[in-house]
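Peer 1: As a plain string of letters, each chain reads:
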Amino acid sequence: MAGASESIVAETAARIFADLADPQTVNRAKDDAWKATLWRAIEDAGLARAWVPDELGGSGAGIEDGFAVLGAAGRCALAAPLAETLLAGWLLARAGMTSPAGAMTVAPARPHDRILMAPDGTLSGRVGNIPFASFAQHIAILADGAAGPVVALVAASDGRVTAGRNVAGDASDSVAFDRVAPLRVAAAPVGLDRDALMLMGSVVRAVETAGALETVLTMSVAYANERVAFERPIGKFQAVQQNLARLAGEVAAALAAAGSAADTMAQADRVDDAVFLEAAAAKIRCAEAAQEGAAIAHQVFGAIGFTKEHVLHRFTLRMLAWRDDFGNESHWAAELGRRVARGGADAFWPLVASR
Amino acid sequence: MTAGLRFDQMRLPAECEALRAEVRAFLAEEIAAGTFDPHRPGHGDAHNRAFSRRVGAKGWIGMTWPKKYGGGERSFLERYVVTEEFRVANAPVRLHFVADRQSGPVLIKYAPEHIKADILPRICRGELCFVIGMSEPGSGSDLFAARAKATKVDGGFRISGTKIWTSNAHIADYMLGLFRTSPPTRENRRHGLTQFLVDMKAPGITVNPVYQMSGQHDFNEVVFDDVFMTEDHVLGEIDGAWKQATSELAYERSGPERFLETFYVMIELIRALGPEPDLRGAEGLGRLVAQLHSLRRMSVSVAGMLHAGKEPVVEGSLVKDLGTLWEQKLPGRVRELTAFLAPEIGNRATLEEQLAFATMIAPKLTIQGGTTEILRGIIARGLGLR
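Protein chains in written order, with the numbering used here: chain E, 1 to 355; chain F, 1 to 386.
Simulated from the structure, these hints should not be mistaken for lab results.
Don't take every hint at face value.
Which residues of chain E face chain F? A few of them, derived with a C-beta cut under 8 Å, are [said to hold, decoys possible]:
1. 214
2. 224
3. 241
4. 242
5. 245
6. 252
7. 253
8. 280
9. 281
10. 306
11. 328
12. 332
13. 335
14. 340
15. 344
16. 353
Built from N, CA and C at the ideal position, the CB exists for glycine as well.
The shape of chain E in the complex, shown without the other chains (with noise of 0.2 Å):
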């Protein structure tokens, strides 16, 4: 099965994100000038189209390539509504619906918050944590309506807007639809509820942040071999071996767990009980990495990783905002272990082993 490296999609996405959103060059950047051309090369390439299928005029690149630019995103630690964009076409798509030009993103964005509609076809609600919304010109909503979900696009500036920002700075905000009239409105298909939302949005976190973790070791082993202090490159004190060998079995769970769930994810049309262990343990087990992986990396980095110059908060506050998005890994492992309670001891093992 392929992998990031092998998708070409994900070649393309690689170099646009070396060119246009290099993490060094971004972080010197006095004004948001980059970004207008970023995003413009992203669309130009039909990256943020990839969920939505030629027929419904995407660039139908499968849910595998998706992830593919994803995990290199993360690896750039990409400031852009990327996945967002590619989640908001995923959800439409899967209704049937076409995507419109420009960014978007996806409404609920926090597993309690609903939006209804209501019997005149109006949708009304207040969401939070809603990624990038106050750059996105539509947002894709799975609102509730009187018989089941629905998935509706509307404007994004027929919400009301309270801008927000997470620990890495990026857009975050709140948006309060009243009584707003959809562009478009289809019926969820079977299996298309708020729980399968957020556990694919979970999994597009789970992937970028695992992306994010490579880096940060990458940089973080480059930077024990080149920084001395009593002589030695730090690198060669079994102190700091020892983290950085803890920094990799972060990463590796990781890896592991948000790949795992992400090739889940392109066989899937419903959430049975091993959809929804893939896709909780990714999110659960990739947050905890970024907390711990992100400490062992500033206490390698010391006192130049913690300043606005260099680029590893770029990294490591990014994947902790991540955690937030679509149920944080608290909610999950509730909701995770109910359900392994729920099936009892002599259900788990033939669930795990399953997978």
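Mind docking chain F on chain E? Use the hints.
Peer 2: Okay, now just chain F, sitting in the frame of chain E:
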């Protein structure tokens, strides 16, 4: 730039799942017949000669080895399934497990043909127990400090010295041991050790028990007093054993036995929490589930890469580092998560017996087969440090 870590996607193929069903049925029969109690891992013998023979008769020992030596020429992934199902059931595999996992493969690679033809089929039939002779009273993690000597004599070698922490030596038929044939050189302190196949029934061998803090007898001290071995019992290059050690390590370090050693307490935790756990129990259980699932995905991925002929040495070491720490901490987590449950929960007695046992054996998990510290040194080197 360092070499990136890699975990290829791997799902066990259909033939593995058919095999899994067969293994579960076999284990269920053995449990029903009273061969072992899956809920009492510290209870009864961890080795059982009759059981090992029945496992051998099923073709589940030496599964991946050539048919001409009694093996099954089945895939490494099929062996993985058998290993994990046996481990999860707490089946008494001690007699054949070391031979199956590492001694057999070493013999296949380095033993002369007549020895392979003699010994390997007997391992596959579940008749032979192997012990690893590496550590000595003055040499543990620092393998290359080994002093037990093999001296060249007419027609073979004579060995003298002491090996320690030798699991199963008291029931073993053969040892694969490292003995010093030359002093280390200035340039290479790893030089001078040779691997030998030692017949444990040879005159001059004394096995003294070393009881563990858990009350079990697994460890031994093995004293060699001028024990004669014929020349054909040398495995591989004389003085060059250090070159032979590394390639097997990924197999030894990444298997399911590296994170499932205390798994039974997790099953008992689920039973104790019941179908509707409170928030604390649910969240705690959910995190453990996510961690276990991630470890298994790592481990299966490494198995898949080994199966595909790759050498995921760092990835394999990472499985053992994370896996053994996890299984070591698991009893403590279960203890915390069951702390506020009602005293009269149905499985209280089993839970407490298992927790007591797991707590006693937990310290060894990050020591045996390469300590955490040694593993992390290997990982650091693999990352491009040192």
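Peer 1: Would you mind marking each hint as holding or not holding in the structure?
Peer 2: Checked hints:
1. Hint status for residue 214 of chain E: holds, given a least beta-carbon distance of 6 Å to chain F, under 8 Å.
2. Here the hint on residue 224 of chain E is kept, as its CB sits about 6 Å from the closest CB of chain F, short of 8 Å.
3. With 8 Å as the threshold, the beta carbon of residue 241 of chain E comes within range of chain F, its nearest partner Cβ sitting at about 4 Å, so the hint holds.
4. With a cut of 8 Å, the hint placing residue 242 of chain E at the interface with chain F holds, because the nearest CB-to-CB distance is about 5 Å.
5. Because the smallest distance between the Cβ of residue 245 of chain E and any Cβ of chain F comes to about 4 Å, under 8 Å, the interface hint for this residue holds.
6. Interface restraint check: residue 252 of chain E against chain F, minimum CB-CB distance 4 Å, threshold 8 Å, status holds.
7. A hinted interface residue such as residue 253 of chain E counts as satisfied when its beta carbon comes closer than 8 Å to some beta carbon of chain F; here the least separation is about 5 Å, so the hint holds.
8. This hint holds: residue 280 of chain E has a C-beta 7 Å from the nearest C-beta of chain F, less than the 8 Å allowed.
9. For the restraint placing residue 281 of chain E at the interface with chain F, the shortest Cβ-Cβ distance is roughly 4 Å, inside the 8 Å limit, so the hint holds.
10. Interface restraint check for residue 306 of chain E: the shortest CB-CB distance to chain F comes to about 22 Å, outside 8 Å, so the restraint is violated.
11. Checking residue 328 of chain E against chain F by beta carbon gives a least distance of about 11 Å; that is not within 8 Å, so the hint is violated.
12. Given the 8 Å rule on beta carbons, the hint for residue 332 of chain E holds: about 7 Å separates it from the nearest Cβ of chain F.
13. For residue 335 of chain E, the suggested interface contact is upheld, since its CB lies about 7 Å from the closest CB of chain F, less than 8 Å.
14. Evaluation of the residue 340 of chain E hint against chain F yields a held restraint, the C-beta minimum of about 5 Å falling below 8 Å.
15. Here the hint on residue 344 of chain E is kept, as its CB sits about 7 Å from the closest CB of chain F, short of 8 Å.
16. The beta carbon of residue 353 of chain E comes within 7 Å of a beta carbon in chain F, closer than 8 Å, and the hint placing it at the interface holds.
Violated hints, in rising order: 10 and 11; the structure is consistent with all others.
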